[in-house]
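So the protein lines, in turn, are chains A and B. In case it helps, our numbering puts the first sequence at residues 1 to 380. In case it helps, our numbering puts the second sequence at residues 1 to 380.
Heads up, some of the hints might be wrong.
Cross-link-like lysine to aspartate or glutamate pairs, in silico, DMTMM-like; alpha carbons within 20 angstroms at most [as the list claims (entries may be wrong)]:
1. B:LYS354 / B:ASP331
2. A:LYS354 / A:ASP331
3. B:LYS354 / B:GLU339
4. B:LYS354 / A:GLU150
5. A:LYS354 / B:ASP331
6. A:LYS354 / A:GLU339
Computed beta-carbon distance windows for the label pairs [claimed, not checked]:
7. A:VAL356 / B:SER108: 47 to 53 angstroms
8. B:THR175 / A:GLU58: 51 to 57 angstroms
9. B:PRO357 / A:ALA128: 55 to 61 angstroms
10. B:THR267 / A:PRO12: 51 to 57 angstroms
11. A:GLN23 / B:GLY43: 24 to 30 angstroms
Which residues of chain B face chain A? A few of them, derived with a C-beta cut under 10 angstroms, are [as the list claims (entries may be wrong)]:
12. VAL203
13. GLY222
14. GLY231
15. GLY237
16. ALA271
17. THR351
Since the hints were made in silico from the structure, they are not lab data. All values reported here derive from a predicted model rather than from experimental measurement. Where a beta carbon is used, it is the ideal one built from N, C-alpha and C, also for glycine.
Number of protein chains: 2
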Amino acid sequence: MGDELSARAADPDPLLQLLLDGQPRTRNQLMDLTGLARSTVTGRLELLVAQEFVVPHEAAESTGGRPPGRFRFNPTARLVLAADIGATHLTVALADLAGEILDSATISQNIADGPEVVLATLTEHARALLARHPNGRLAGAGVGLPGPVEHLTGRPNHPPIMPGWDSYDVVGRLTAEFTGPVLVDNDVNLMALGEHTSQYADVEHLLFVKVATGIGAGLISGGRLHRGAQGAAGDIGHIQAAGHTELCRCGNTGCLEAVASAAAIATQLRAGGLEATSSQDVVELVRAGNTAATQAVRQAGREIGTVLAACVSLINPSVLVIGGSLSQAGDSLLAGIREAIYARSLPLATTDLKVVPSRTSHQAAVRGAAAMILQHTLGL
Amino acid sequence: MGDELSARAADPDPLLQLLLDGQPRTRNQLMDLTGLARSTVTGRLELLVAQEFVVPHEAAESTGGRPPGRFRFNPTARLVLAADIGATHLTVALADLAGEILDSATISQNIADGPEVVLATLTEHARALLARHPNGRLAGAGVGLPGPVEHLTGRPNHPPIMPGWDSYDVVGRLTAEFTGPVLVDNDVNLMALGEHTSQYADVEHLLFVKVATGIGAGLISGGRLHRGAQGAAGDIGHIQAAGHTELCRCGNTGCLEAVASAAAIATQLRAGGLEATSSQDVVELVRAGNTAATQAVRQAGREIGTVLAACVSLINPSVLVIGGSLSQAGDSLLAGIREAIYARSLPLATTDLKVVPSRTSHQAAVRGAAAMILQHTLGL
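From just these sequences and the hints, can you work out the full model?
Shown next as structure tokens:
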């Protein structure tokens with residue numbers, strides 16, 4: 001519990017916490033609601049107003065006489081830079097303090113070009129976006145990477161598809177470019193955070209599963225992102241798929257990712273004489289009505305669903321979100337996943353379980369990157 | 001997040017939170033540390049002193065002149081009743097507000113006798129313990145049951161080994177007998193809570209696995225018990241053990257519990273001509289050096305370890321505690337579990353993973369039952 005607290009920027013300001021709901025309040029209301037002394041409320045309000053996080057609220061109508069001053073949260077006080085670095089593309093976005101995406105750009109960029117090249121591209125496009133919002137002050141930058149990240153340092157930890165990135169100081173590199181804190185996390189963690197904060201804020205336990213070239217998951221437990229002891233939580237792509245012996249890039253055999261990822265499906269389809277190398281190719285074959293591709297995706301869904309049934313037994317989530325590029329292949333993947341989960345889970349754990357496609361789609365990770373900075377800055 | 005807050009008794013008192021560390025503090029120190037107004041601190045202190053949760057601290061030595069009054073937490077202000085109802089035994093205990101077990105009794109009692117008989121036995125022995133502490137006021141009662149419990153209502157939810165208990169109003173029955181709130185939870189959840197609060201309070205992510213007649217787990221995530229959406233989290237006994245088709249009492253086939261529980265091992269040993277019906281029988285055969293029993297326990301450890309490898313990949317805990325009666329069979333179970341986990345997990349997730357036997361042993365559940373009431377009463 002000590003670890004959790006020390007990982008936060010600072011104790012959350014109780015006045016700011018109250019005002020985040022958007023309701024304007026008087027000084028006396030804030031004293032009543034918090035029990036804080038008048039001098040404390042006055043001092044904290046002065047600081048929050050100086051920081052522009054809180055502004056005096058202009059009453060729309062007067063009820064006669066001078067109304068008591070009210071204060072409200074100001075979501076435009078800062079901009080948040082949010083970036084999602086994928087295997088072949090890079091998305092950079094700006095959000096406000098309410099987490100709304102104001103502006104974004106997606107650029108082709110191969111992650112194998114290494115951190116210097118990729119982060120230079122990120123910086124260049126971030127500056128271009130910031131130039132379009134000249135009055136904006138930056139609260140910080142959140143970055144998602146497609147591999148394991150040590151959360152406290154923000155350094156990639158033996159990422160399999162990111163040559164040149166192992167232990168690279170992403171935080172140091174970007175702190176030199178932008179004002180405010182730089183936080184880095186695994187892209188699937190950020191997808192879970194983005195889907196949760198923007199679509200399911202009241203849900204306590206949610207599992208987000210990304211099915212793309214690889215397979216991974218992000219877990220929300222008790223309303224908070226569960227990163228695990230080394231930031232390695234959610235690494236379900238290397239759980240054994242029962243009865244399989246396919247060699248995985250991790251060096252083990254029968255990993256779920258070696259059996260049911262878009263890369264594994266493309267390999268199967270090529271062996272059957274079809275042209276398929278990427279997740280996008282598989283999606284297009286399914287959309288075109290190709291039977292072999294549809295069957296392969298459905299079977300991959302069953303394999304993923306068998307592993308997810310174990311995850312459901314362990315954590316009993318109320319929402320299981322299926323995202324990632326292969327989830328755009330239509331209903332086959334979801335149908336296979338549901339089939340296996342309902343066959344293998346106890347009734348109690350699935351009574352109210354929702355198994356649903358991602359609503360935020362390709363924006364999940366940048367929304368999560370913005371949410372990570374907001375939680376840090378505003379003490380959420 | 002809203003759900004989580006509303007499930008708590010009340011907003012935690014910030015003064016009480018500070019004083020729980022046992023350090024005495026002056027009124028001015030409490031004002032400085034909390035930012036609360038003098039009138040608020042005075043009012044809250046009066047309430048806490050009236051409730052006896054806080055008492056004036058008598059200084060051991062004077063530094064000349066009258067020292068300012070100091071206040072400290074009073075762990076003897078209340079007693080907590082803690083009960084662990086097992087399949088064949090019932091443990092009743094009294095704890096103080098620091099969670100220390102002051103007194104306890106264990107009685108033979110078959111849970112299949114039904115809730116009226118079992119809870120009458122519990123009440124009788126609880127009254128006998130309370131009679132030995134005549135000045136104690138009860139803060140509440142925490143009860144562990146060996147089956148799924150709907151946390152909000154405390155009612156057993158289709159428990160497989162508890163005939164007559166389904167949906168029984170345990171809370172209503174015991175509220176009529178004892179003062180203070182009555183909270184009921186699954187025994188494995190409480191074992192996880194008891195082991196965590198008493199032995200690993202600084203650990204953020206811990207998984208407690210009970211291996212006995214059945215198999216189950218309790219998960220601590222971010223320092224808090226993760227109960228899941230229906231209170232069904234940790235139900236790992238019904239995850240599929242790869243390559244197995246044994247019929248399970250749940251109606252499915254190949255469940256871990258049907259393959260590697262003490263009951264499953266006893267069945268295997270009987271088929272080999274040995275006398276074994278209970279977990280205790282299996283433990284005694286292993287302790288007596290029986291090779292077939294030792295091999296069976298080791299193999300059960302491997303099967304459990306394969307499922308736990310998936311759990312480790314999903315949640316990345318730093319501590320994995322093995323408890324339950326079969327864990328007393330010595331090193332064979334733990335060795336089999338470790339073997340499978342290290343064979344199947346990614347290096348990052350196991351670098352600092354501790355796989356250890358339970359330290360609280362048979363007291364884990366009553367300690368957890370007490371901790372559940374303390375968290376509720378003191379707003380921990």
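Hint check for GLY43 of chain B and GLN23 of chain A - Cβ pair distance inside 24 to 30 angstroms: holds, 26 angstroms
Closest C-beta approach of ALA271 of chain B to chain A relative to 10 angstroms, hint status: violated, 25 angstroms
Status of the VAL203 of chain B interface restraint (C-beta, 10 angstroms, chain A): holds, 8 angstroms
Distance restraint between LYS354 of chain A and GLU339 of chain A, which requires alpha-carbon spacing of 20 angstroms or less: Measuring from Cα to Cα gives roughly 13 angstroms; hence the hint holds.
Given hint ASP331 of chain A paired with LYS354 of chain A - CA-CA distance at most 20 angstroms: Given that 20 angstroms is the threshold and the Cα spacing comes to 15 angstroms, the pair holds.
THR175 of chain B versus GLU58 of chain A beta-carbon gap, inside 51 to 57 angstroms or not: Holds, at about 52 angstroms.
C-beta pair VAL356 of chain A, SER108 of chain B: status relative to the range 47 to 53 angstroms that was hinted: holds, 49 angstroms
Satisfaction of hint between GLU150 of chain A and LYS354 of chain B, Cα-Cα up to 20 angstroms: With a Cα-Cα distance of about 19 angstroms, the restraint between LYS354 of chain B and GLU150 of chain A holds, given a limit of 20 angstroms.
Outcome of range test on Cβ distance (PRO357 of chain B, ALA128 of chain A; 55 to 61 angstroms): Taking Cβ atoms as reference, PRO357 of chain B and ALA128 of chain A lie about 58 angstroms apart, which means the hint holds.
Restraint outcome when THR351 of chain B is required to lie within 10 angstroms of chain A by C-beta distance: At 6 angstroms from the nearest chain A Cβ, THR351 of chain B passes the 10 angstroms test, so the hint holds.
When the least beta-carbon distance from GLY237 of chain B to chain A is tested against 10 angstroms, hint result: Hint holds; GLY237 of chain B Cβ to chain A Cβ min 8 angstroms, cut 10 angstroms.
Restraint satisfaction for GLY231 of chain B [CB to CB of chain A, less than 10 angstroms]: Since chain A brings a Cβ to about 7 angstroms from GLY231 of chain B, closer than 10 angstroms, the hint holds.
Hint compliance for this structure: hints 5 and 16 are not met, and every other hint is.
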